[in-house]
Amino acid sequence: MGARHGLRRGHAASACPFIAFAAAAAVLLALPGLAAGDTHYYTFNVRMTNVTRLCVTKSIPTVNGQFPGPKLTAREGDRLVVKVHNHINYNVSFHWHGVRQLRNGWADGPSYITQCPIQGGQSYVYDFTVTGQRGTLWWHAHFSWLRVHLYGPLVILPKRAEGYPFPRPYKEVPILFGEWFNADTEAVINQALQTGGGPNVSDAYTFNGLPGPTYNCSARDTYNLKVKPGRTYMLRLINSALNDELFFGIANHTLTVVEADASYVKPFTVQTLVISPGQAMNVLLTTAPSPASPAYAMAISPYTNTQGTFDNTTAAAVLEYAPMPAAAARSLPLPALPLYNDTGAVTNFSRNFRSLASAQYPAAVPLAVDRHLLFTVGLGTDPCPSNQTCQGPNGTKFAASINNNSFFRPRTALLEAHYQRRYGGVLLANFPTTPPRPFNYTGTPPNTTFVQHGTRVVPLKFNTSVELVLQGTSIQGAESHPLHLHGYNFFVVGQGFGNFDPVNDPPKYNLADPVERNTISVPTAGWVALRFLADNPGVWLMHCHFDVHLSWGLSMAWLVNDGPLPNQKMLPPPSDLPKC
Numbered sequence: 001m002g003a004r005h006g007l008r009r010g011h012a013a014s015a016c017p018f019i020a021f022a023a024a025a026a027v028l029l030a031l032p033g034l035a036a037g038d039t040h041y042y043t044f045n046v047r048m049t050n051v052t053r054l055c056v057t058k059s060i061p062t063v064n065g066q067f068p069g070p071k072l073t074a075r076e077g078d079r080l081v082v083k084v085h086n087h088i089n090y091n092v093s094f095h096w097h098g099v100r101q102l103r104n105g106w107a108d109g110p111s112y113i114t115q116c117p118i119q120g121g122q123s124y125v126y127d128f129t130v131t132g133q134r135g136t137l138w139w140h141a142h143f144s145w146l147r148v149h150l151y152g153p154l155v156i157l158p159k160r161a162e163g164y165p166f167p168r169p170y171k172e173v174p175i176l177f178g179e180w181f182n183a184d185t186e187a188v189i190n191q192a193l194q195t196g197g198g199p200n201v202s203d204a205y206t207f208n209g210l211p212g213p214t215y216n217c218s219a220r221d222t223y224n225l226k227v228k229p230g231r232t233y234m235l236r237l238i239n240s241a242l243n244d245e246l247f248f249g250i251a252n253h254t255l256t257v258v259e260a261d262a263s264y265v266k267p268f269t270v271q272t273l274v275i276s277p278g279q280a281m282n283v284l285l286t287t288a289p290s291p292a293s294p295a296y297a298m299a300i301s302p303y304t305n306t307q308g309t310f311d312n313t314t315a316a317a318v319l320e321y322a323p324m325p326a327a328a329a330r331s332l333p334l335p336a337l338p339l340y341n342d343t344g345a346v347t348n349f350s351r352n353f354r355s356l357a358s359a360q361y362p363a364a365v366p367l368a369v370d371r372h373l374l375f376t377v378g379l380g381t382d383p384c385p386s387n388q389t390c391q392g393p394n395g396t397k398f399a400a401s402i403n404n405n406s407f408f409r410p411r412t413a414l415l416e417a418h419y420q421r422r423y424g425g426v427l428l429a430n431f432p433t434t435p436p437r438p439f440n441y442t443g444t445p446p447n448t449t450f451v452q453h454g455t456r457v458v459p460l461k462f463n464t465s466v467e468l469v470l471q472g473t474s475i476q477g478a479e480s481h482p483l484h485l486h487g488y489n490f491f492v493v494g495q496g497f498g499n500f501d502p503v504n505d506p507p508k509y510n511l512a513d514p515v516e517r518n519t520i521s522v523p524t525a526g527w528v529a530l531r532f533l534a535d536n537p538g539v540w541l542m543h544c545h546f547d548v549h550l551s552w553g554l555s556m557a558w559l560v561n562d563g564p565l566p567n568q569k570m571l572p573p574p575s576d577l578p579k580c
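Residues in the sequence shown are numbered from 1 upward in steps of one, following my numbering.
I should point out that these hints are in silico values taken from the structure, not numbers from a laboratory.
Glycine included, C-beta positions come from ideal geometry on N, C-alpha and C.
Heads up, some of the hints might be wrong.
Said to hold, decoys possible - Taking lysine-lysine pairs in the DSBU-like style, the calculated list, with each CA pair at most 35 Å apart, reads:
hint: 1; residue 1: K58; residue 2: K71
hint: 2; residue 1: K266; residue 2: K461
hint: 3; residue 1: K569; residue 2: K83
hint: 4; residue 1: K226; residue 2: K71
Stated by the list, open to error - Cβ-Cβ distance ranges computed for the label pairs, FRET-style:
hint: 5; residue 1: G308; residue 2: V56; range: 21 to 31 Å
hint: 6; residue 1: A288; residue 2: G443; range: 43 to 53 Å
hint: 7; residue 1: P229; residue 2: H453; range: 55 to 65 Å
Put together the whole structure using the sequences plus the hints.
As structure tokens, then:
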């Protein structure tokens, strides 16, 4: 899988534009701890493209004119060099979701955290090596709500000498679940932030960008997965939806889960799975040796306990054993998916996840803990400005927070400020590590639901072992929150409903084979306990992967300081780092 292959997949005309920065970036490969592999060059041209769905044509941002965007493929240990040219009027940046970016936060992508965004007419090169990871990840825009259209799969194959810890599938297929809005999504979120109310919801869910036969005039816009009888397929599932956790199933078929967020798990078989925005999951599908029908329906539908409105529709796609007319897809029986608020089904599914914890793929969960932190996660409110009427709860504006701190976007990138040690006016290292005002988190909400605002981080010494308990709250309604941590994987050592009990819950932790992930849903009216080792210096965002909650401030950042050794220190910034 050499550079030549990467060029073809990335739609770059030649390697010439890369000569100048390839020499400088080669320094990365010479540094300790970064193994040399193949290099793959890709070019992302971000342009407006006319796309039609649900009989609505609109101009959307795309990468290389594709929706969803191109698949990136590499092997563990390979280097990717992605040159982004921004030809649209919006600022943009790209995040390589789940890639650890060891010592190299400059390639992580969240705007105003690790870089200033790429402005219209400007370019930036993301140059990073995939170290010690293999599996399904993905890439997406990380500015405002642009990721609704700007996303694609990032497939990391095992090293050439290594196979999978399960029989090799006949074929591998990425399937990205998404959302389609007939309206302009930037106008949707901007209006919501102005009025203080909840944003308008999507008009359809999609399989690889296609809504399918359950929606108006979409029978021809149906994703068809052609299969052969008696074969095993690996579906690389990615939830790239903006604001919705999703149930997924295939009528008359079972699915065997073998990987979560590019970490192998002990295989388990289900008829229905649930996947949160930001999460990836590899499942094995063994087709029927003698199918009773030429085709079967695949479907996704939402899981939510929100008190607000949501897109309560079902999208369908086709598992096709033999050709059939497009119109016939409408009559295929849908798989029996749980009701939209079936938290029990979600809990039963989530309990199955266990790390492989083998000699080759150990579960290196920290057993001793240096720092214990408790973060409340949930919604809140802001007072309505005196000169307007607001549409949030009781005339307020919706907000969201962690430990009652709603993240305030800085004027420059936090990573740059940290590297230059110029913190004044940019960030404060006083993020609350326990709730400022304890209350019955999953019971009756407090009288005051106003949040505080600030650009605050938690500083950590290099190699600190962290236990973080994420506690959901019932303020403005209890719902689950998919939390994503940049720059790290973490181990999910425990979870439960109600309020976390620091005496009685930790003895029940799974420290033998906890699942390793980069995105986890805090259960509705419950808690989840995570552990990770802070061995990657830089500034790393942690946020809810519902973009509406991210827009309302449900995020924070960890500032992990350099270690004493040369290979424990941040790399210097690239020369083309965008300016704010």
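Hints, one by one, checked against the model:
no.: 1; hint: K58 to K71; result: holds, 23 Å
no.: 2; hint: K266 to K461; result: holds, 33 Å
no.: 3; hint: K569 to K83; result: holds, 25 Å
no.: 4; hint: K226 to K71; result: holds, 19 Å
no.: 5; hint: G308 to V56: 21 to 31 Å; result: holds, 24 Å
no.: 6; hint: A288 to G443: 43 to 53 Å; result: holds, 49 Å
no.: 7; hint: P229 to H453: 55 to 65 Å; result: holds, 58 Å
Violation of the numbered hints given earlier is absent; every hint is satisfied by the structure.
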